[in-house]
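*Asks:* Chain residues, written in single-letter form:
Number of protein chains: 2
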Amino acid sequence: MTRKIHLALHPYGVGGPGQHGLWKDPSVAKNASIDINYYIQQARAAEHALFDALFIVDSQFINATYPAHYLNRLEPLTLLSAVATHTRHIGLVGTASSTYNSPFNLARRFGSLDHISGGRAGWNVVTSFDTGTSRNYGLEEHLDYTTRYGRALESVRVVRGLWDSYEDDAFPADVERGVFLDPSKLHALNHEGEHFRVDGPLNLSRSPQGQPVIFQAGVSEEGRDLAAQVAEGIYAPGGSLADAHAYYTDIKTRTAAAGRDPEHIKIFIHGGPVVRGTDEAARRRAAEILDEDNDFDRNVGLLGRAFGAHDFSRYDLDAPFPDVAHLAEKGGRTGAAKIIDRARAENLTLRQVVESFSERRTSPFVGAPGTVADTIADWFAAGTFDGINLAFRNNEDLNWFVDGVVPLLQERGLFRTEYESDTLRGNLGLPIPANRNSLVRA
Amino acid sequence: MTRKIHLALHPYGVGGPGQHGLWKDPSVAKNASIDINYYIQQARAAEHALFDALFIVDSQFINATYPAHYLNRLEPLTLLSAVATHTRHIGLVGTASSTYNSPFNLARRFGSLDHISGGRAGWNVVTSFDTGTSRNYGLEEHLDYTTRYGRALESVRVVRGLWDSYEDDAFPADVERGVFLDPSKLHALNHEGEHFRVDGPLNLSRSPQGQPVIFQAGVSEEGRDLAAQVAEGIYAPGGSLADAHAYYTDIKTRTAAAGRDPEHIKIFIHGGPVVRGTDEAARRRAAEILDEDNDFDRNVGLLGRAFGAHDFSRYDLDAPFPDVAHLAEKGGRTGAAKIIDRARAENLTLRQVVESFSERRTSPFVGAPGTVADTIADWFAAGTFDGINLAFRNNEDLNWFVDGVVPLLQERGLFRTEYESDTLRGNLGLPIPANRNSLVRA
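So the protein lines, in turn, are chains Z and G. Numbering-wise, UniProt numbering puts 320 at position 320 of the first sequence, and it's gapless, one number per residue. Numbering-wise, UniProt numbering puts 293 at position 293 of the second sequence, and it's gapless, one number per residue.
If you are wondering where the hints come from, they were derived from the structure by calculation, not from laboratory data. None of the values given here were measured: they were computed from a predicted structure. Honestly, I wouldn't trust all of these hints.
Since the list gives no way to pick one copy over another, a pair counts as held whenever it fits inside one copy or between any two copies.
List time: in silico DSSO-like cross-link candidates among lysine-lysine, alpha-carbon distance up to 30 Å [to be verified]:
#, residue 1, residue 2
1, K185, K24
2, K185, K30
3, K185, K338
4, K24, K252
5, K338, K252
6, K30, K252
7, K4, K252
8, K4, K24
9, K185, K4
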């Protein structure tokens with residue numbers, strides 16, 4: 001069997017990283033980021049196209065210079081629960097911070113979404129790195145890098161332990177014998193670790209997929225190791241084909257080294273494909289989008305985000321890039337460290353950094369349907385991804401991809417022609433995790 | 001205009017306090033407490049009957065002797081988000097603990113539910129009092145009474161402050177001028193209190209009802225004062241007509257004393273009406289329900305719940321009620337204190353206390369439709385409630401009330417014949433809170 005490509009849709013609402021100008025598009029409602037009908041429509045379009053998942057990003061901090069996307073938006077779990085009952089096959093992956101949510105609450109909410117959706121939930125585990133966020137949760141400074149990643153790993157392990165609280169046959173509900181629950185099949189966790197103490201059990205049984213799927217976005221050393229240990233899906237940093245191949249190989253190698261099957265971690269690169277009838281028309285549309293987004297002040301805010309919500313507007317734009325190495329170190333943001341390295345190596349001003357920061361958002365998948373299908377097939381064959389996390393400007397751009405590129409990928413046997421399963425695990429080809437408590441009994 | 005009665009529906013799923021035997025009912029799915037379609041069906045039935053709200057209780061701790069209801073259930077916010085898009089008028093009130101949720105997360109989730117539902121969200125603020133729950137959140141002992149209530153009051157104030165982060169006209173989204181947000185209309189909160197430090201702003205605008213409605217269930221002195229200060233709906237402890245009148249008068253008096261309009265706090269008593277064609281048939285049905293629930297071991301567990309998940313099965317059933325006064329004091333549970341007082345006064349054994357504990361669950365609203373409508377009208381006229389929080393055994397019991405009693409209340413002008421509004425505030429007759437930040441500007 002040919003290996004198949006997985007596709008996810010990343011709907012933005014209005015605005016978003018690299019999509020500053022979307023709110024100006026007359027085909028998108030100005031309040032799309034808080035309009036549940038917008039997300040339901042996007043989810044249904046993605047399901048109609050047989051995509052694997054809908055992916056919802058998050059931020060817990062805003063200020064007036066942040067990208068419009070984060071300014072006004074629904075919390076991912078409430079959003080996805082509402083979408084769940086209007087879809088039947090598509091996976092629902094929500095972002096939640098392990099830094100500012102307790103494992104018991106995370107286990108309940110994602111477990112509930114998993115039941116509501118019939119086994120389609122995924123948790124994108126993030127750590128929260130900026131001072132702005134920490135100040136919304138009572139802390140003066142954000143947690144340091146090692147603490148955040150240690151906490152994230154322990155959080156995932158606690159949450160997974162809680163998800164297994166009930167064995168699958170714990171509820172005989174036998175009226176004749178008068179037995180609703182078999183109490184020997186309800187298990188406390190009694191976890192005591194460095195960051196958490198959680199007794200359990202969770203007051204929720206397992207769903208048809210056993211446990212929600214764990215996603216992560218690991219770029220740094222610690223992030224990659226966390227992914228290798230616990231992630232089943234990963235959002236890759238992207239870049240050139242060579243960058244993507246190196247990242248892909250590294251994650252698969254680390255996953256094998258962690259004693260796991262490398263097929264059980266699905267690597268998604270980010271793709272904002274732009275498709276039109278001809279390569280030339282697609283390039284024109286891509287340029288138009290870049291132009292709409294070209295807002296220097298917002299790019300300054302976006303750059304600041306990579307440094308933990310740092311305010312770069314206070315510096316002289318035409319002086320050399322300021323010394324903000326301490327922010328990169330504290331946050332452990334490899335993105336920030338790379339920006340500093342490049343600014344030093346090329347002796348860039350702040351203005352030049354802001355400009356180059358927005359340049360790198362161009363997708364490799366721009367062209368006529370055949371061109372884009374070829375490029376995707378080449379990248380896939382080169383070992384750069386298992387799936388693509390797709391973002392479109394508006395429904396016209398979405399439709400060009402779905403109607404133009406998807407059928408070509410299907411013809412080549414690279415994309416499904418029907419859903420394999422009703423669960424996210426089933427469609428991603430991930431196994432149902434054995435219940436640790438049932439194992440103990442066997 | 002005649003004052004009207006408000007009605008809420010409290011769907012249990014399977015089991016629940018005082019409904020231990022519901023899982024044995026062949027007309028209710030055994031997994032109803034985790035089946036979103038069950039809740040959607042209940043919400044639609046309640047909306048068809050023009051009820052004001054759906055009310056979802058919660059618990060964050062289980063053990064095998066707890067009531068079946070809490071054993072396996074969906075988290076209230078995810079549940080209600082899924083229900084929201086399948087209803088258009090009914091309010092959606094979810095329970096969440098101010099003890100184990102941060103104000104920023106609470107503000108986002110209830111704010112998101114408010115947008116998803118178009119202005120129908122309510123937050124039932126509870127504090128978590130038992131050791132079992134605290135051990136699911138990393139604490140050895142639960143917070144003491146005063147700390148919990150101080151934290152609850154501050155939590156509500158912070159959450160309300162966050163809900164007002166954006167003025168209502170903060171997003172001009174003016175393409176010609178290139179202005180999405182008017183940054184002068186986004187306000188940080190900069191709260192620093194005894195329990196929380198939260199900078200804000202919240203990344204979510206206000207909904208059509210301004211803010212979700214705050215519910216609470218205040219029984220103790222501190223609970224009643226909290227209600228008088230911040231609650232807009234309250235779940236009353238019930239009891240006899242005289243008890244209910246005394247509670248109603250007390251809450252309205254305290255609310256006026258706190259400088260608020262007593263009409264702006266709606267008091268709901270709990271009613272589990274049992275209606276049939278004749279008084280005699282209704283009494284038989286009520287007895288049948290009591291009989292199904294009569295499970296001594298579960299009643300022992302339920303008694304323990306009132307004492308912070310205390311395990312009473314360790315004591316001799318026929319010895320005098322054990323000395324557990326320290327548990328009542330620590331938890332500040334007036335329910336527990338009342339049980340101890342009665343056990344002492346009447347010199348009861350543990351067995352007798354367990355039996356009397358289940359007795360007090362009988363509804364005053366049992367009979368033929370005319371009888372129940374008369375009783376409700378009498379209680380309403382006597383100043384015992386503004387609304388009734390209704391719980392039914394199954395859909396047959398629900399339908400007897402909706403088809404038999406509701407039309408009689410409508411004939412007497414005591415219940416609406418159509419919704420007054422699309423928002424919960426609108427239907428409850430509560431004002432839209434002024435945005436504190438708009439006020440500052442005015």
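*Asks:* Taking each numbered hint in turn, which are not upheld by the structure, reported in ascending numerical order?
*Replies:* 3, 4, 6, 8 and 9
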